[in-house]
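J.: If you want the building blocks of each chain, they are given just below.
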Amino acid sequence: MSTASVEGPSEPQLGVGAALIDAALTPVRGIFSYIGDHALLLGLALAALFRKPFRLRLFLEQMEFVGVGSLTIIVLVGFFSGAVSAQQAIAALRIFNQERFVGATVGLSLAQELAPVFTALMIAARAGSGMATELGSMRITEQIDALTTFAVDPVQYLITPRVVATVLMMPIMTMVFNIVGLFGAYLYAIFLEHIDLGQFIEQFTYWTDPKDYIIGAVKSAVFGVTLSVAACFQGFNVRGGAKEVGLATTQAVVAGSVSVLVSDYFLIDIFHILWPYKS
Amino acid sequence: MNSPRASAPALAAPSGGQGDPTKRDERWQIRVRGLQKTFGPQHVLRGIDLDIERGRTNIVIGGSGQGKSVLMKHLMGLLKPDAGQIWVDGEDIVPLGTQQMGRLRRKFGMVFQYAALFDSMNVVENIAFPLIERYHLSTDEIMTRVRDLLKRLDLAGVTGIEEKFPPQLSGGQRKRVGLARALIDRPEILLYDEPTTGLDPVAAKNVDEMITRTADDFGVTSVVISHDMASTFRIGDRISMLAGGKIIVSGTSEEVLASRLPELREFVETSGVAAAHPGAHP
Chain A
4 MSTASVEGPS EPQLGVGAAL IDAALTPVRG IFSYIGDHAL LLGLALAALF
54 RKPFRLRLFL EQMEFVGVGS LTIIVLVGFF SGAVSAQQAI AALRIFNQER
104 FVGATVGLSL AQELAPVFTA LMIAARAGSG MATELGSMRI TEQIDALTTF
154 AVDPVQYLIT PRVVATVLMM PIMTMVFNIV GLFGAYLYAI FLEHIDLGQF
204 IEQFTYWTDP KDYIIGAVKS AVFGVTLSVA ACFQGFNVRG GAKEVGLATT
254 QAVVAGSVSV LVSDYFLIDI FHILWPYKS
Chain B
34 MNSPRASAPA LAAPSGGQGD PTKRDERWQI RVRGLQKTFG PQHVLRGIDL
84 DIERGRTNIV IGGSGQGKSV LMKHLMGLLK PDAGQIWVDG EDIVPLGTQQ
134 MGRLRRKFGM VFQYAALFDS MNVVENIAFP LIERYHLSTD EIMTRVRDLL
184 KRLDLAGVTG IEEKFPPQLS GGQRKRVGLA RALIDRPEIL LYDEPTTGLD
234 PVAAKNVDEM ITRTADDFGV TSVVISHDMA STFRIGDRIS MLAGGKIIVS
284 GTSEEVLASR LPELREFVET SGVAAAHPGA HP
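Protein sequences appear in the order of chains A and B. All the letters of the first sequence, read from the start, carry residue numbers 4 to 282 under our numbering. All the letters of the second sequence, read from the start, carry residue numbers 34 to 315 under our numbering.
Source of the hints: derived by calculation from the structure; they are not laboratory data. Built from N, CA and C at the ideal position, the CB exists for glycine as well. Be aware that a few hints might be false.
[Said to hold, decoys possible] Heads up, simulated DSSO-like pairs for lysine-lysine below, C-alpha to C-alpha not over 30 Å straight-line: (1) B:K184 <-> A:K55; (2) A:K55 <-> B:K238; (3) B:K113 <-> B:K184; (4) A:K246 <-> B:K140; (5) B:K56 <-> B:K279; (6) B:K56 <-> B:K140; (7) B:K140 <-> B:K238; (8) B:K113 <-> B:K140; (9) B:K113 <-> B:K279; (10) B:K197 <-> A:K246; (11) B:K140 <-> B:K279; (12) B:K140 <-> B:K184.
[To be verified] Label pairs and their computed distance ranges (CB to CB): (13) A:L171 <-> B:G193: 34 to 40 Å; (14) A:R60 <-> B:R57: 51 to 57 Å; (15) A:L52 <-> B:G193: 46 to 52 Å.
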C-alpha cells in the first residue's frame, strides 16, 4: 500500500558562505522566534480578555490555584528567607558594630528583591509546572480540540484566566512573603541575637518607603506575566505523548525561572533610574 | 452489511456524486474536492475528493498515518487546507473566519478517539458544556436534556454516573458520555474518530450498535474514521478508502468488497473480513 508520508520538494542547496551565515544566525533567529511566539500568545490572551463571554468562574478558579494553592510554600519559604537574611545581615553588620541596621537591610532586600523573585520562583515551580502539565495533558488527549469543536476559543478559555490570575495573585503573594519574611527576621534578630526592638523598627521604618513595596509589587506582576506565559506556551504547544508533557513541564519551570531572573535585571535598572536609592 | 439500512445507493466512483457542490444537495451533505494538506515535508492529503451522504453512516477507512484524522479535522474546520474546497450544505467552509466557523460548527458534533472528556468536569458538566457555552438555559432545562441523553444512551442505570469524573468511567462509558456531549446540541452531522480503538470486541460491537442507533434515532449524518474493518462492514452505508493521500474507492460495502484495487484487497484480506463476506472479490 502506498503511504501518505511522501517527502516534499528538497531544500535548495546553500553555498558555504551562506551556510555559515545561516548557522551563525540560527540561534539569533531562535531567540527572536521564542520571544515572538510568547509575545503572540500573550497578545492573543490579552485580546481575549476584552471579548465576550467573560467567564469569571475560570478566573477565580485559577486565582485560587495560583494564590491559595501556593500559600503554604510561600509562607514557609518567606519565613526562612527572612530569618536567613537576618542571620547573614547581622553577621556582616557586626563587623562594623552596626547590627541595629538589620531591620532596614532585611526590609529593603525583601521588598525589592527577595520577596518578588523568590515568590516568582516558587509560583513558577508550583503553579507554572501545574499549568504546563494540565494544558499539555489536555492537548495530547484532544481536550483542546474538543473545546474548538464547541466554538470555544481555547486561548480565551485556558490561557487568559491563567495569565490574568497569575498577574493578579503575584503582588498579593509577594506581600505575604514580605510580611512573613519580616516576621522571620524579627524573631531571629530579637529573640536569638537580642537586637534592640526599638532600633530594629526605627531603622526599618526610616530606610524603607512605600515605593520599595510598589517596586516589588510591579516587578512581581511583570514576573507573573513572564512565568505564566512561559508555562502556558509550553503546555499549550505540546505535541506527542506523556514524555513530551513531562518535557514541557520541565521547560516551563526552567523558562519561567530564567525569564524571571533576566527580567529582574532589567527591571531593577529601570526602577533605579526612575527612583534612585535613598542616600 | 447486516444493517437494515443497507439500501444505500450504489456509487463506485472515487470522486463521489454528481451535481454542483456549491448548491445545497438533498443527497450529499458534505462535498470535498481536491483537498491537499502538507505538514513540513509530509504531504499527507494529496487531492481528496469525497462526498458524504446525508442521513447515512459514511465510513472512511485507511491504514495508520494515512491522514484520516487530518481529513476529519478539515471537515470540521479545525485545520485549513493548503488547497481544495469543502462544502457543507453548499457553503464553502475553507474561507470562513473564526466567527462564521463557530456558527458552522453548531451543525457538527464530534466523538473523539478517546472521548476527550474534560478531566476537570464530571459527567453532567461534560455533557452540558456545549449548552452552557452557547445558550442561556436554566439549570432545570439543561438537566432535563442531559438526563434524557443519559437514558437514551443506556447510561442512566449506572450508579452515580452524573457525579463521576472521566477517570472513574470505563472505556465504553467514556465513549457514550463523549457521544452524549456531541449530541446534546442536536447536531446534523456526527464525526467519529476511530470509535472502536482500544475497546475489546464486545465493547466495540456495543459502540457500533450505539452509532447505528444514534443515526436512526437522531437522523444525523455520521462520518466514521476507522481502520476496524469488521466494524466498518457492520455499520457502514457508504465506505471510502483513503490511501496515498487520496480516496481510492467509494461505494456501498458490496461494491467496496468487490473492488480489485490491491491496496483495498490487502486491507480487507488482512482484516479477515473477506472470509465473512461471500461477495468479496477473491
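J.: Tell me the hint numbers this structure goes against, listed in increasing order.
T.: 1, 2, 3, 4, 14, 15
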